[in-house]
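**Q** Sequence:
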Amino acid sequence: VWLNPPPAAGGVMIALALAALDEAEMRDCPAGAMAAALAVADDARRAAGHDPQALLARLGPPAHRGTTHISVIDGDGMACALTITNGEGNGHVVEGCGFMLNNMLGEADVNPDGLEGWPEDVRLSSMMAPTLAGAEDGTLVALGSGGSNRIRSAVFMVLARLLAAGRELAAAIDAPRLHVEADFLDFEPGFAAQEVARLTAMFPRHRAWSAPNLYFGGCHAVARKADGALVAAADKRREGAESVI
20 VWLNPPPAAG
30 GVMIALALAA
40 LDEAEMRDCP
50 AGAMAAALAV
60 ADDARRAAGH
70 DPQALLARLG
80 PPAHRGTTHI
90 SVIDGDGMAC
100 ALTITNGEGN
110 GHVVEGCGFM
120 LNNMLGEADV
130 NPDGLEGWPE
140 DVRLSSMMAP
150 TLAGAEDGTL
160 VALGSGGSNR
170 IRSAVFMVLA
180 RLLAAGRELA
190 AAIDAPRLHV
200 EADFLDFEPG
210 FAAQEVARLT
220 AMFPRHRAWS
230 APNLYFGGCH
240 AVARKADGAL
250 VAAADKRREG
260 AESVI
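Numbering follows my numbering, in which position 178 of the sequence shown is assigned residue number 197; successive positions increment by one, without gaps.
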């Protein structure tokens, strides 16, 4: 959605209403959901007075935390996979340095010894894994994911379904996922009954999720097929978007 910015107030009020819209209520009672969202925008307008910038500030930044992945490929086969993260984000960029202080010392996967246990003069690792994959027939894929310690599971499962199972790109991304950590299994719905039986036997400690969830990452990918055709697929779990131009 593209809206007109301040000094006009209309675009900002529409954005505020959209941000306040309850999607679940929109399914159950559309009129009530829209009225409630418009009331939130109206309250913000009254609180901001005649200052459109103050109204805009009520929206906050587009995103203050989390991990983003972008995959790009062109007709010549030039490909790029880029993953970047704010972690939890503290909202402040270090002056003159261009980076935001982060919470990575609290991530057990990359710092298992805890906040006070990081050794000096050792570079901090990361779970981010932007990936390129190629096949002998000339097919090239660029992919990656957000999702903290589930990144490795998301990228691995998409690659496995592409390379070993021969799935198409979108099908490989949309297929149900699982994540194994510390002998505990999380898995999405959609696995065959015999697969679920085997999984739960392998991992007595497990959790079955009732629906696909952003917990399992958001793998966004593009590919150039052997015949030169370009395809793109984004993960619905994290509201991904794709485009072929």
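Just so you know, the hints here were simulated from the structure itself, not pulled from any lab data.
There's no promise every hint is true.
[Stated by the list, open to error] Within a straight-line C-alpha distance of at most 20 Å, the following computed SDA-like cross-link-like pairs (lysine to any residue) qualify:
#1 Lys255 to Pro208
#2 Lys255 to Ala189
#3 Lys255 to Met97
#4 Lys244 to Met97
#5 Lys244 to Pro208
#6 Lys255 to Pro223
#7 Lys244 to Asn168
#8 Lys255 to Leu101
#9 Lys255 to Ala194
#10 Lys255 to Gly110
#11 Lys255 to Glu187
#12 Lys255 to Ala127
#13 Lys244 to Ala43
#14 Lys255 to Leu218
#15 Lys255 to Leu120
#16 Lys244 to Asp41
#17 Lys244 to Ser167
#18 Lys255 to Gly136
#19 Lys255 to Asp95
#20 Lys255 to Glu207
#21 Lys244 to Arg180
#22 Lys255 to Arg224
#23 Lys244 to Thr87
#24 Lys255 to Met123
Small disclaimer: the values here were computed from a predicted structure and weren't measured.
**Q** Run every hint past the structure and note whether it holds.
**A** Status of each hint after checking the structure:
1. Between Lys255 and Pro208, the direct Cα distance comes to roughly 15 Å. Compliance with the 20 Å bound is thereby established for this hinted pair.
2. Only pairs whose Cα atoms come within 20 Å are accepted, and Lys255 paired with Ala189 is accepted, the gap being roughly 10 Å.
3. A hinted pair counts as satisfied when its Cα atoms are at most 20 Å apart, and Lys255 with Met97 does not qualify at roughly 26 Å.
4. Restraint check for Lys244 and Met97: the C-alpha separation of about 13 Å stays at or below 20 Å, so the hint holds.
5. Straight-line distance between C-alpha atoms of Lys244 and Pro208 comes to about 30 Å, which puts the hinted pair past the 20 Å bound.
6. Proposed proximity of Lys255 and Pro223 is contradicted: the alpha carbons are some 29 Å apart, above 20 Å.
7. Restraint check for Lys244 and Asn168: the C-alpha separation of about 30 Å exceeds 20 Å, so the hint is violated.
8. At roughly 19 Å between alpha-carbon atoms, Lys255 and Leu101 fall within 20 Å of each other, so this suggested pair holds.
9. Between Lys255 and Ala194 the alpha-carbon distance is near 11 Å, which keeps this suggested pair within the 20 Å criterion.
10. In summary, the hint linking Lys255 to Gly110 is not supported, as the alpha carbons are separated by about 27 Å, beyond the 20 Å threshold.
11. Of the supplied pair hints, the one linking Lys255 and Glu187 holds, its CA atoms being roughly 16 Å apart against a limit of 20 Å.
12. For the given pair, Lys255 sits about 27 Å from Ala127 by alpha-carbon distance, which is inconsistent with the 20 Å threshold.
13. Between Lys244 and Ala43 the alpha-carbon distance is near 39 Å, which puts this suggested pair outside the 20 Å criterion.
14. Note on Lys255 and Leu218: the hinted pairing is violated, with a Cα-Cα distance of about 24 Å set against a maximum of 20 Å.
15. A hinted pair counts as satisfied when its Cα atoms are at most 20 Å apart, and Lys255 with Leu120 does not qualify at roughly 29 Å.
16. For the proposed pair Lys244 and Asp41, the alpha carbon gap of about 40 Å is over 20 Å, so the pair is violated.
17. For the hint pairing Lys244 with Ser167, the CA-to-CA distance comes to about 30 Å; that exceeds 20 Å, so the pair is violated.
18. Between Lys255 and Gly136, the direct Cα distance comes to roughly 37 Å. Violation of the 20 Å bound is thereby established for this hinted pair.
19. Distance hint between Lys255 and Asp95 is unfulfilled; the C-alpha atoms sit about 28 Å from each other, more than 20 Å.
20. At roughly 14 Å between alpha-carbon atoms, Lys255 and Glu207 fall within 20 Å of each other, so this suggested pair holds.
21. For the suggested pair Lys244 and Arg180, the alpha carbons sit about 16 Å apart, so the restraint of at most 20 Å is met.
22. Only pairs whose Cα atoms come within 20 Å are accepted, and Lys255 paired with Arg224 is rejected, the gap being roughly 27 Å.
23. In summary, the hint linking Lys244 to Thr87 is not supported, as the alpha carbons are separated by about 25 Å, beyond the 20 Å threshold.
24. Between the alpha carbons of Lys255 and Met123 the distance comes to roughly 26 Å, so the proposed pair goes past 20 Å and is violated.
Going through the hint list in order, the structure does not satisfy hints 3, 5, 6, 7, 10, 12, 13, 14, 15, 16, 17, 18, 19, 22, 23 and 24.
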